[in-house]
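Protein chains in written order, with the numbering used here: chain Z, 6 to 199; chain B, 63 to 472; chain E, 177 to 339.
Warning: the hint list may mix true and false statements.
Said to hold, decoys possible - Just the calculated beta-carbon pair ranges, DEER-fashion:
{"hint": "1", "chain 1": "B", "residue 1": "84", "chain 2": "E", "residue 2": "240", "range": "45 to 55 angstroms"}
{"hint": "2", "chain 1": "Z", "residue 1": "155", "chain 2": "B", "residue 2": "87", "range": "36 to 46 angstroms"}
{"hint": "3", "chain 1": "B", "residue 1": "270", "chain 2": "E", "residue 2": "310", "range": "47 to 57 angstroms"}
Because the hints were derived from the structure by calculation, they are not lab data. This structure is a prediction, so every number in the text was calculated from the model and none was measured. C-beta atoms are modelled at their ideal positions from N, C-alpha and C, and glycine is treated no differently.
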Amino acid sequence: MAAKFPDFLVTKLDWVANLGRANSLWPMPFATACCGIELMATASSRYDIARFGAEAMRFSPRQCDLMIVAGRVVMKMVPVMQRIWQQMPEPKWCISMGACASSGGVFDTYAVVQGIDRFIPVDVYVPGCPPRPEQLLRAVIDLQEKVRRTGTIDAREFADRKTYEGPANLARQIAPEDTMMVPGDFTTATRLRD
Amino acid sequence: MPLAPAAQYPIDADETPDHEYLYTLNFGPQHPATHTTLRLILTLDGETIVKAVPDIGYLHSGFEKLGEDLDYNQYVTIVDRMNYISPICNEIAWHHSVEKLMGLELTPRCKYIRTIIAELARISDHLLCVGAAALDLGGITAFLYAFNMREKIYNIFERMAGQRFHPSYTRVGGLMFDVDDGWVSLIRTFIKDEFPKAHTDVARLLNRNKIFIDRTKGVGVLTKEEAINRSASGPVARASGVVRDVRKEEPYLAYKDLDFQVICGTGGDCASRYLVRMGEMNESAKIISQAVENIPSGPINIDVEDKLTVPDKSSTYRSIEGLIQHFELFMWNRRWKPPVNECYGATEAPNGELGFYLVSDGDGKAYRAKTRPPSFIHFSLFPHLIEGHAIGDVPAVLGSLNIIAAELDR
Amino acid sequence: MTAWQTKLTETFGDACKFETFRDNIRCDVRTERFLEVMKNLRAQGFDLLLDVTGIDYLHYPKAADRYGVVYSLVNTESGERAYIKVRLNDPDPAVPSVYSIWKGCDWMERETYDMFGIVFEGHPDLRRILMPEEFTSFPLRKDYPLRGRGERHNFPTVLRSDG
């Protein structure tokens, strides 16, 4: 018995793994605000997210592979969100649900982060304030398509993504001593929007 | 790091001071039972809670600062997102305060429509609160029934305003646009057929459910004196026997003409708060069924001559007066000219008294727009309610207080 | 003049100035008599403290003082409302806490402290409530910009390959 598998077999394993992963996404509802209620509506009888195999909402990040960030994320919440993201096992994906999570939405204020993609990687953005449940279902279908097309059994497609994927730097860099203290790591990523 | 064997720890009851038996449990900010982003630091003695310290601000988004930056019509989209399970009540509270500041008297038709939608929102708020309280205590069926009814209410809002969740429907001195007959018949069906059935279903699932009653009866008791001293309002205060309802005491909108009762309880515990909410839903249905048959005809906005309401599109495009008024209200240096003064206007939102303290410097936007958020006040009651109970009672008490994070932190 | 207004005028003389707008009766109280006035009102039946509002009058037309704190009171028996206002100034805006009279003021005063930096003397646990503990400024003051000073972007980024 050869120690090395032939190549075609590996391809097949990818396909099988993707089949399983795409059709049984386990969402971690990181529901902070209004979108969380629409997320609940998506999970209830009328829209029934179970038709797409994503009804097993688990509130422990260790059991999930899809983080749905529903609602605005504020300064105090960013370290929590990052920690929860890092606690999820690979392979994992992220849906940024609603205008606030994707871009800050109407809340362009001192406390609200202008898009979570500055701090964690995002796979699918859902527009709307809040998005209708149909839009969230569409996002789940799109994510399934993405998993089927790009997924590999050992999740090596993630290891290649070493660069920052968020929006371009809108802000100029300023010295750390000119900014004020907030939770998190203060030595990096000090930016100030003009 | 491998854990040290238990024998290495000094377990000697005589030498360990009492407080070393206590341990601290962090609850939240992301947790199943709370549904919202709040955090509790619980000090436990076994399963009993000795001390609870809430830590909030995980959704503080600067609403009040935005209120100083947006004008009186624009800010309605922001207050919508405050208590997001009954957005329309926030809109009505906001414009109630603004109209009080400006001294406007609404048209009868507008008053009735606002009353109807406020009561619909109250039903949808209480449905979610009751459903989620049951869900936290292990009963998912009641939650699904309640959410089905919320979808019907969403349909009504969508027909009226075009958006199912955040309608942003009220405007200074009126409404965005008028409702039609189809909307009225949707409400008639809802009140006559759909709602009573769902209400009975939920009541039959929970009222005599031994698990639900055992876990809520006698849990989180708030006495009448404490309720007043700790500033409770709305269903939480009424469940403790405080007979106070802004709709009765200072009737705004059309509540003066309508016949309804204030539902009160005496227990002050979680079960009593649940029963008050169930009763209030029936009263709301009664209000709606009276109001929907008596909607007066006439305009929905106050007189155009007052130069305070946004004219409709046809008069903006087809008449010079409409165009000028539109221009006046939308240019950033013109807009409204309210009196230079301060005023507080209150409404009865589903959670309690929701009011806005407005300070105006005569500009088109508020100088200061302070919210009086019921969730914020009710969550400050939480340590008082939970101390001495078991950790399993935390979701029961949280569910009965109906804490909404966006209103809590703003 | 309502009964409570008459009584306040009798007891405190010109330390209380009244103003009426719409149905709001507002009473301007001098800071040094503030706690006595509140105790008097509590004794007269105003048992419910609805709200504590902080206001920064920095850009307000013809304002003499920098800050105002408004207490909304309700008499649950009669349904009357009263609005009590004290005015404060830099550098140390401070007002006595009413925690000994109404326990409900706990979080309201903490919020006002968090947003305006107004110190409530005698409050049992006066610390920040909404903003992070490390935050140094007071966001609802008028000299603080709406979009902040860059605090909201001071976080490290997690990359996809970080896992």
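Now the hints, each set against the structure:
1. B:84 - E:240: 45 to 55 angstroms: 52 angstroms, holds
2. Z:155 - B:87: 36 to 46 angstroms: 40 angstroms, holds
3. B:270 - E:310: 47 to 57 angstroms: Holds: the Cβ-Cβ distance is about 51 angstroms, inside 47 to 57 angstroms.
The structure shown violates none of the earlier numbered hints.
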